[in-house]
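There are 2 protein chains.
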Amino acid sequence: MRYTADEEANLALVRGLFDEVLNPMDSSAVDRFIAPDYIQHNPSVETGRAPFKAFLDHIRSVHPQGIHDVKRMFADGDHVIVHYHVRRWPDDSGWAVVDIFRIENGLIVEHWDVAQDVKLGGPNANGMF
Amino acid sequence: MRYTADEEANLALVRGLFDEVLNPMDSSAVDRFIAPDYIQHNPSVETGRAPFKAFLDHIRSVHPQGIHDVKRMFADGDHVIVHYHVRRWPDDSGWAVVDIFRIENGLIVEHWDVAQDVKLGGPNANGMF
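First to last, the sequence lines map onto chains A and B.
Under our numbering, the first sequence has 28 at position 28, and the numbering climbs by one with no breaks.
Under our numbering, the second sequence has 70 at position 70, and the numbering climbs by one with no breaks.
If we strip away everything but chain A, and leave its shape as in the complex, we get (with noise of 0.2 Å):
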């Protein structure tokens, strides 16, 4: 690929985050991949690393079979982009989402998302993904 080391580095630091954090919902991990003073727009979480473990701990205890089926991931410089499926149950038909990272010295520093409940029987047989 024509990646940068610094674009091959942010994937597979954003890879981790899915990996070891977000499907194992383990907020005991989430100091390896997100910065102190993360800066959150998700208008539903408050700023900063500690309320991202405080929501982890939240979803992991109301839907402990929550999956995020990663579909395409993009990088362009220090930002990388993530589309995926979430399923809270296993046959939820769930979110469409993309979260962007803004990655700095190795650790991800802000983050900005947009969810969409699945739409299932449109005018396309396309589907969301």
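Just so you know, not all the hints are guaranteed correct.
Put simply, identical chains are the same to the list, so a pair is met inside one copy or across any two.
Dumping the calculated DSBU-like pairs for lysine-lysine here, alpha-carbon to alpha-carbon at most 35 Å [unchecked claim]:
1. Lys-53 with Lys-119
2. Lys-119 with Lys-71
3. Lys-71 with Lys-53
These are computed hints drawn from the structure, not numbers from a lab.
Keep in mind that this is a model prediction, so the values were computed, not measured.
Mind docking chain B on chain A? Use the hints.
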């Protein structure tokens, strides 16, 4: 920047889509940006270029003051990702949207998107953008 020439061209194509098609809501300009067999993943629109033109004419008729306010744009190989704020009228809180476009031979051939109502007054002061 470290974009390839193809990535630069893809970014310019998508900027053109926003400037010449989406913001003026001009369906007559669509053919310069979108391939005839355009694969649509938005679950509310039929697949193909012609239904996209009809959709554009529809939103222009119901929201003639609508704008697509681009906040950030990324390129990775044959994909371009755009994070933007749709406002249907001047003081609309609007939607946060991410579009993902795939480009082949200088035209957009595939499109995914995720949209969410902008939430005001949440627990952080960072805003959704």
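For each hint, the structure was consulted:
1. Lys-53 with Lys-119: Answer is both; intra-copy 30 Å and inter-copy 22 Å each pass.
2. Lys-119 with Lys-71: both (17 Å within a copy, 26 Å between copies)
3. Lys-71 with Lys-53: both (24 Å within a copy, 28 Å between copies)
Taken one by one, the earlier hints all hold for this structure without exception.
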